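So you can see what is in the structure, the chains are spelled out below.
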Amino acid sequence: MSNFWNPYSQLAIAQRRLLGVGSVVSVLLIWTLLSVSGLLSKNQLPSPLSVAQAMSYLAWYEGKSQLAVATLWSVGRVGMASLLVMVVGIPLGVLMGASPRINAFFSPLIDPFRSAPVAALLPILVMWFGIGEFMKIAFLFVGSIVYLTPLVRDAIRAVPQEYMVAAQDIGATQWEGITKVLVPLAMPRIMDAIIVGVSVSWTYITVAEYVNAQEGLGQLIANAKRLAAMDQVFAGIIVIIAVALLTYQALMWLKGRFFQWEAKA
Amino acid sequence: MSNTLIEATHIVQEYSQPNGKALRVLDDINLRFDGPSINMLLGPSGCGKSTLMKMLGGVRPWNVKTPTSGEVKIDGQRCDGPHPDAVMVFQQYANRPDLTVRENIMYPFRFKEWSRRVASEEASQRVDQLLQEVGLADKRDQYPAQLSGGQNQRVALARALVLRPKILLMDEPFGALDTQTRAEMQGLVIRLHAQYPCVVVSVTHDVSEALAIGNRVIVLSTQPARVADDFQIHVPQPRQAAWLDGAEARVLHERVLSHLRAAGARGNIRVTV
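If you read the protein sequences in the order shown, they are chains A and B.
The opening position of the first sequence corresponds to residue 624 in my numbering, with each subsequent residue numbered one higher.
The opening position of the second sequence corresponds to residue 70 in my numbering, with each subsequent residue numbered one higher.
Please keep in mind that the hints were generated in silico from the structure rather than gathered at the bench.
Treat the hints with care, since some could be wrong.
Restricting the straight-line Cα-Cα distance to at most 16 Å, the calculated cross-link-like pairs of lysine to aspartate or glutamate (EDC-like) are [stated by the list, open to error]: (1) B:K142 x B:D103; (2) A:K803 x B:D167; (3) B:K208 x B:D167; (4) A:K878 x A:D815; (5) B:K235 x B:D144; (6) A:K803 x B:D144; (7) B:K142 x B:D154; (8) A:K878 x B:D154; (9) B:K235 x B:D167; (10) B:K235 x B:E317; (11) B:K208 x B:E172; (12) A:K803 x B:D149; (13) B:K134 x B:D149; (14) B:K181 x A:E838; (15) A:K687 x A:E838.
None of these values were measured; they are calculated from a predicted model.
The following block holds chain A by itself, in its conformation from the complex:
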């Protein structure tokens, strides 16, 4: 146990997996015990078994998969919003990071919302854009871009000045300094910003799909809640967490693959 409080010690993969599986199993165990003990009613805490049944019902029933359809809709919305956030937020963050003037101008429009509840803007977005698809994408966009942009700016600013000085010494123009020095060196951290942006979209998807629920995992959960089908609510939440986790893992894998030099540096 001498390594217990050593933050630099490396765990064997087997040990790490064992502990990870152990934590999930513990939660399932406590959950099962609580639900069979009768301390909580079925409407407060459905049993793991009934959640599993609800999951299988949602996954396939009478030739239809509600879950697949809902997941595709949600993935589509998060994907669309994330794409727009990247197209707008990355260039904006790069420019803000590269020029204190641009930063001073845009910062008051973006930074406060990092600590303000973006969900509070939902009524305004409904007023402006109605209750259709556009509003949902706009909401995810606003919610996510206020996180991504400042992180991209900080990524650019974190590039040590020596690289710019050295590049200018060998003739780099100011624009080349941005595109050929700052951006490539900031890429691993920009990738982190993208990961945060996509994750934030996944946390807001339920809120976005709550209004005028038609399709999507948020709607599935809201609907189940209205029908007091707690097992389906749980099933929906588990799927959202799973998809968000999968997205995160995929992006981390991409980052590791494309920016190997960062791990070495």
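Based on these hints, arrange chain B on the given structure of chain A.
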């Protein structure tokens, strides 16, 4: 003077201080550099020798006008910014962590300035030749993080020399290296300088290094810095241990140290720019 490469006249550098008074760091410095040579610039910590060295190639920190007054002429032209014929080697190498050794040496040609001046085949050929000359041909595909300090500094030297600069500026290039590696690097600099003749201006803390590779040694005083001494060493390179350990070198060593001691006695305010 038609063959004067760098001419610095009446160089004065001042920085504004919090109390509103200007702090004069460099005071009326006049220096001329003609043909290819290795020039070692010495002075107490914080005397402004780095600032002066950068000025000689037009390298400047952000938002600071250098020099405050006086002028630097390169090839007879007044120099107010990074000069295309002057390239600098930094103490911390400034190698890009995301590029391999070869890409790092090829790096200048990514910028229009140099891709315009040198055709890509020619550039590629120069890079491969320098990889050989600095002894990193077998490391060409590795990343800087996988190299030692000395190897990283070789990359930085090679990157400067692929541009065939007329002026090579070095800011304590071997300051971060151990004694053994430093000796190897000094030998390398002498060999490369013979291969690629240019005016080298190198800042150093190390008097022995100055005597080992310098054709000329310039010693600055401090607060404000003036040229305290400026002498040539005509002993051919590479210099043998017999000379380096001999009486002449000892006298020169003592001569430089006495200037540094005299300057050091005048206070120890550090100026970091």
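Verification of the hints:
1. Under the criterion of a C-alpha separation no larger than 16 Å, the hint pairing K142 (chain B) with D103 (chain B) is consistent with the structure, at around 12 Å.
2. A threshold of 16 Å between alpha carbons decides the hint, and for K803 (chain A) with D167 (chain B) the separation of about 12 Å falls inside it, so the pair holds.
3. Pair hint K208 (chain B) plus D167 (chain B) holds up; C-alpha atoms about 15 Å apart against a cutoff of 16 Å.
4. Of the pairs offered as hints, the one joining K878 (chain A) and D815 (chain A) holds, with about 8 Å between alpha carbons and a cut-off of 16 Å not exceeded.
5. A hinted pair counts as satisfied when its Cα atoms are at most 16 Å apart, and K235 (chain B) with D144 (chain B) qualifies at roughly 10 Å.
6. In summary, the hint linking K803 (chain A) to D144 (chain B) is not supported, as the alpha carbons are separated by about 30 Å, beyond the 16 Å threshold.
7. Restraint check: the Cα-Cα separation between K142 (chain B) and D154 (chain B) comes to about 12 Å, which is no more than 16 Å; the hinted pair holds.
8. About 39 Å separates the Cα atoms of K878 (chain A) and D154 (chain B), which puts this hinted pair outside 16 Å; it is violated.
9. Taking the CA atoms of K235 (chain B) and D167 (chain B), the gap is near 29 Å; set against the 16 Å cutoff, the hint is violated.
10. In summary, the hint linking K235 (chain B) to E317 (chain B) is not supported, as the alpha carbons are separated by about 31 Å, beyond the 16 Å threshold.
11. Of the pairs offered as hints, the one joining K208 (chain B) and E172 (chain B) holds, with about 11 Å between alpha carbons and a cut-off of 16 Å not exceeded.
12. For a cut-off of 16 Å, the pair hint linking K803 (chain A) to D149 (chain B) is broken: about 24 Å separates their Cα positions.
13. Straight-line distance between C-alpha atoms of K134 (chain B) and D149 (chain B) comes to about 9 Å, which keeps the hinted pair within the 16 Å bound.
14. Of the supplied pair hints, the one linking K181 (chain B) and E838 (chain A) is violated, its CA atoms being roughly 52 Å apart against a limit of 16 Å.
15. Of the supplied pair hints, the one linking K687 (chain A) and E838 (chain A) holds, its CA atoms being roughly 14 Å apart against a limit of 16 Å.
Consistency with the previously given hints fails for numbers 6, 8, 9, 10, 12, 14, ordered from lowest to highest.
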